[in-house]
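Take a look at the letters that make up each chain.
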Amino acid sequence: EFRRFSLERSKPGKFEEFYGLLQHVHKIPNVDVLVGYTDIHGDLLPINNDDNYHKAVSTANPLLRIFIQRKEDADYSAFGTDTMTRKKNVLSNVLRPDNHKKKPHIVISMPQDFRPVSSIIDVDILPETHRRVRLYKYGTDKPLGFYIRDGSSVRVTPHGLEKVPGIFISRLVPGGLAQSTGLLAVNDEVLEVNGIEVSGKSLDQVTDMMIANSRNLIITVRPANQRNNVVRNSRTSGSSGQSTESSLPSSTPNILGNLLQGEEESDEEDIIIEDSGEPQQIPKAAPTSESIESLSQIELLHESTQNGFLPSSELNLNHSAGSISMEYEVPETGRKSLEEEGTIITL
Amino acid sequence: MRRFLRPGHDPVRERLKRDLFQFNKTVEHGFPHQPSALGYSPFLRLMAIGTRSGAIKLYGAPGVEFMGLHEENNTVMQIHFIPDQCQLVTLLDDNSLHLWSLKQHGGASELREEHRFTLKGPPGSPPSATQVTAVLPHSSREVLYLGTESGSIFVVELPLFRVLEDRTISPEAVLQRIPEDNCNRRSCELVEALREHPKNPDQILIGYSRGLIVLWDLQNNKATHHFLGSQQLENLYWQRDGSKFISCHYDGSYTQWPVSSDNRQPEPLENTVPYGPFPCKAISKIYWQTTKNGLPYIIFQGGMPRASYGDRHSISVIHGSQQTAFDFTSRVIDFFIIFSSDPAAEFDDPSALVVLAEEELVVIDLKSAGWPAVHPPYLASLHCSAITCSHHVSNIPLKLWERIISAGSKQNIHYSSMPWPIDGGTNIAPDPPQRDLLLTGHEDGTVRFWDASGVCLHLLYKLSTVRVFLTDADPNDNMNTLGEDEWPPLRKVGTFDPYSDDPRLGIQKIYLCKYSGYLAVAGTAGQVLVMELNDEDAEHVVDHAEADLLQDQEGYRWKGHEKLKTRDGPVRFEAGFQPFVLVQCQPPAVVTSLALHSEWKLVAFGTSHGFGLFDHQQKRLVFVKCTLHPSDQLALEGPLSRVKSLKKSLRQSFRRIRRSRVSSRKRRGGSGNASEVQEANAKFDQDALQEMELAPVQRKIEARSAEDSFTGFVRTLYFADTFLRDSSRHCPSLWAGTNGGTVYAFCLRVPPAERRMDEPVRAEQAKEIQLMHRAPIVGILVLDGRSTPLPEPLEVAHDLSKSPDMQGSHQLLVVSEEQFKVFTLPKVSSKLKLKLTALEGCRVRKVTVANFGSCKTDDYSENDLAVLTNLGDIQIISLPFLKLQTRYPCIRKEDVSGIASCVFTKYGQGFYLISPSEFERFSLSTKWLVEPRCIVDMPEVTSNNHVHNKSGTENAARKS
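For the protein sequence lines, the chains are S and V, in the order given. Residue 167 in UniProt numbering sits at position 167 of the first sequence, with consecutive numbering throughout. Residue 928 in UniProt numbering sits at position 928 of the second sequence, with consecutive numbering throughout.
Check before you lean on any hint, since a few could be wrong.
Subject to a maximum C-alpha distance of 27 Å in a straight line, what follows is the list of computed DSS-like cross-link-like pairs (lysine-lysine) [said to hold, decoys possible]:
(1) V:Lys927 - V:Lys883
(2) V:Lys835 - V:Lys802
(3) S:Lys284 - V:Lys833
(4) V:Lys927 - S:Lys137
(5) S:Lys14 - S:Lys55
(6) V:Lys285 - V:Lys367
(7) V:Lys625 - V:Lys563
(8) V:Lys565 - S:Lys137
(9) S:Lys284 - V:Lys883
(10) V:Lys835 - S:Lys142
(11) V:Lys57 - V:Lys17
(12) V:Lys565 - V:Lys619
(13) S:Lys284 - V:Lys292
(14) V:Lys563 - V:Lys462
(15) S:Lys284 - V:Lys565
(16) V:Lys625 - V:Lys846
Pair ranges (Cβ atoms, derived) [claimed, not checked]:
(17) V:Val697 - S:Glu269: 28 to 36 Å
(18) V:Arg15 - S:His41: 39 to 47 Å
(19) S:Gln280 - V:Arg749: 50 to 58 Å
(20) V:Ser727 - S:Ile125: 43 to 51 Å
(21) V:Asp19 - S:Ile125: 19 to 27 Å
(22) V:Asp497 - S:Glu278: 54 to 62 Å
Honestly, the hints are just simulated from the structure, not real lab data. Don't be surprised by glycine CBs; every beta carbon is placed ideally from N, CA and C.
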């Protein structure tokens, strides 16, 4: 069933209004539906909040193709990167969900229905032998569930190979967050904790740093098993391990691309109970006129990241990790290879 | 881009920081840990103490101190001053000799190591051939005689330690003129003592271990006299005129020998076993001191009857019919006598006996009747009962200072009035800028008040809380109450007594208000005492109140120790701080935090169960708040449950355990196993502990949860007059921070002064802040409208502080072990923060506001936070913007007790324990620096002679 209607591109309004409009246009006022659109690459992408709604409207060229399916029999797998080009008959797929009864399918819920427990970030700025993993601890009762130990690793230095002390993952607790992500493994060397290099720090210091960051832990590791790393170009393929290790110092000054925002996002959750009322989260103080300049600098930083949504690359990753695409020639960017990496490991 | 702007690139600020901050370890207070050797120069009137870790410390007049450290960190075995020189020689247990000199440099004297030397035998000789056992610095100041295990005596030239081989005195040479039947080669094994003749520098007395004593003529290189002792020799001592000497022996006897030109092989004049007839222990050292009245002083170490008093550490003084055996609580390392050093004087006339015991220095006045002890101005045994906490108060008002001194002087009446006899050198340090008190709480329930203003940490006054309680220890049960005719005539001296009769008496928290003289002291068994300074003795009843911190919790059972029993009826208190109210926490767990507000007359206290507020004016409990998490079983049962079974009869075994614990700590000290220390420290669950035992270097990474143990543990309490409810009215408030990252704020209503007794103080909870990172709260502070920390109570009333700014908005600073956070008030919104642990992996252990003055201009000063981390670093963090200013490594991170003991002063100094008996003093400020600065001059009388001589040796040194 097709409907065609117009929207004012400059004033798209809110997603709720748009959702209401769709229900009205289709005369299905009380039916829960999933909304998707095809982007310029032909991917079927979901519309479920203001952000991706605005994105969808802004990329409409000029036509925005919207797909609607009932929530109860929706085909979640239809969404994702390259879905439109890969499956030639996405439309039929979407419109006739009973197709799926032929090949049973794992139902993966929509990104907004669950919270990410982990992600791989900053692939574009890290050497391919390293992996930056973010563990989201918030709210869950699941333990982080890993142990670290002292050890030594071999580095390439100007003076040749050198044995240097390092910190390694020594154990994963069965059923813990770390194990369930599949992104960390025993004997992975820990290089950074939330952007701070651990070299020169004692095991206890690193332990304290990890615990201090446990609500939003970002650890950069050199996986013990380098086989899963995708070789991005042929030049480094021969000596991927050693040669990039020596490049570690140059890579570390990269401030974590996503770190700062992430840190701020999940951090300020201190709770206050006033006059034995209801617990509330403590808000950030708005910079007042009397506050001194350097203070307001800090505040500005907070402001800019305060309401931060996850950066787009992450969002993308989150749902692509749920998709089943893999046997694909990866043409270009780090983001793509990241998807591969994540997918392979998840399987 | 802003995050790339790092603090500290502002050149103006950088310059200012250099004018404000500077790190120095300035002086070590207290008694050297594990002393091993003692030396004294009657010429310089300086005393030297060597330790098992290779330190050497010189002490003279109060304030005159020097310290040196041997590179080898080996035990110092012997210390010998070179006669009439500013030099001394040390012998270490690796058989190396070291020459140290006091040289003037930049207007002050410094102790420096000049040369070192190890005696080498001919190739192939056993090590014992050159193992030095006795050292004699000759009065010519040019040579040292070194007695060895092999019996040879080597001569080395100073200062370069050149061996003069042709002058070696070999056992063969010694035996030449002795009849074969009395002696053989073995008689000359191991030189026990070397003594120069007091009148004739060409003669030295050589004592061999097996009892043979030889008077050796250095000029003619031959033995002139032989003295055939039958007993194993311990030591020798010349009489002043050189006509006699005395030898002491392994069997507890001493023997006098005559020295005359006619008899070359004299018989002993007298052989005495002072504590016979039953077998006695060795007399290891003896002095024979002549006096004008003819009766000598015989002073010796040991010699006690083996069976009944063999375990005593004694030094006996015999003078005519007077005889006392001074009984020390710890092993005697060495002793010396201060006597007339004028070579022209006819008699020794001893004035003082100076004894270095393992744990304290005791000086006995031999001039006054009854031989009383002299109160030492330094080398205080801080650990005479183990230190359990410390509290520093800067800038004490003169009035309070004088009252404390007067209370202390009433306690010190049994001390001798003799001026301190070791008075060499001149203290040229400027007078301390202000009067500072360091209060130490001890395991035996005492609080000691130390004058911490200057270089000498001096005991002013000792307060005991024991009288309030009924303890097992009967005050009359004294091992020392011996009748007149007791034998041996033991007399206990010294203050070192580390054995507490009841560990519950231990002091945990101290808070002194320097303006009002109110003192609050809290202990191990939940006791909180509030005291007032009274200049007179008084007898009164101490009011009791109980604070049930578990009031609305049910089903909990405290398995820890019981509360202390209190004395009923009036109790007599000596002048000083006298308790007037006792608040007993229930359950009687250790008091973990304490705050006193002398203006509002309130005292707040916290334990692992909760906290309470007590009005000590009306003697009424205002409120209690339980902070326990329902799952926190461990806190309830109490970790000290074993204490309950401690009975007096078990005291001995307890002592033994303690001793072994101390020694195991010593052993560990050197290697400093970090994981071991952490193991003890960490609050891992049982699972993790087992895990660690299997693989000791493994750490669990787990987010802190609300269910962790000891989250209710109250870490900090703070009174503030601030805006808690709305921004128009400020009111008194009480803040409490817990181990679980919770901050409670209570609004207080304190009646005005005129109705203070009539209306009750009321409290109402106004806020509760839960920090989501749940780290323990270690500090709470309110900053006023000018971002200055609120003044202490009564500070403004005494015109010593500007009144706080109540116009601008206040800010709340909460310091957890991991983060510093500033919140606005009265509406709590987070303003800024510093996440220390996330950035550096270190945790806050101690934090204080310190005022730093510029060394360049008098009118600039600022408040910063002084922070000690678990890595032993000290960081200075600016207020109110929380920017790291500077960082200094201070304490080894393995030194957990050092870090735990650290106290900061209000003006950027600090103290921490480097051993159970020593505080290291450090300074972070360029302006307030207390360090020894002193000069040791060659005494006038003989200076011409010696200066000449000294330059002579130096010339010789240059030539060679």
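Status of each hint after checking the structure:
1. V:Lys927 - V:Lys883: 22 Å, holds
2. V:Lys835 - V:Lys802: 32 Å, violated
3. S:Lys284 - V:Lys833: Given pair Lys284 (chain S), Lys833 (chain V) holds - Cα atoms ~11 Å apart, limit 27 Å.
4. V:Lys927 - S:Lys137: Distance of about 48 Å is beyond 27 Å: violated.
5. S:Lys14 - S:Lys55: This hinted pair holds, its Cα atoms lying about 12 Å apart.
6. V:Lys285 - V:Lys367: 21 Å, holds
7. V:Lys625 - V:Lys563: 20 Å, holds
8. V:Lys565 - S:Lys137: Judged against 27 Å, a Cα distance of about 49 Å means the pair is violated.
9. S:Lys284 - V:Lys883: Holds, because 19 Å separates the two Cα atoms, which is no more than 27 Å.
10. V:Lys835 - S:Lys142: 25 Å, holds
11. V:Lys57 - V:Lys17: With a Cα-Cα distance of about 34 Å, the restraint between Lys57 (chain V) and Lys17 (chain V) is violated, given a limit of 27 Å.
12. V:Lys565 - V:Lys619: 20 Å, holds
13. S:Lys284 - V:Lys292: Judged against 27 Å, a Cα distance of about 86 Å means the pair is violated.
14. V:Lys563 - V:Lys462: Holds, at about 24 Å.
15. S:Lys284 - V:Lys565: 51 Å, violated
16. V:Lys625 - V:Lys846: Given that 27 Å is the threshold and the Cα spacing comes to 25 Å, the pair holds.
17. V:Val697 - S:Glu269: 28 to 36 Å: 33 Å, holds
18. V:Arg15 - S:His41: 39 to 47 Å: 58 Å, violated
19. S:Gln280 - V:Arg749: 50 to 58 Å: Cβ of Gln280 (chain S) to Cβ of Arg749 (chain V): about 26 Å, so the range 50 to 58 Å is violated.
20. V:Ser727 - S:Ile125: 43 to 51 Å: At roughly 46 Å between Cβ atoms, Ile125 (chain S) and Ser727 (chain V) fall inside 43 to 51 Å, so the hint holds.
21. V:Asp19 - S:Ile125: 19 to 27 Å: 41 Å, violated
22. V:Asp497 - S:Glu278: 54 to 62 Å: 57 Å, holds
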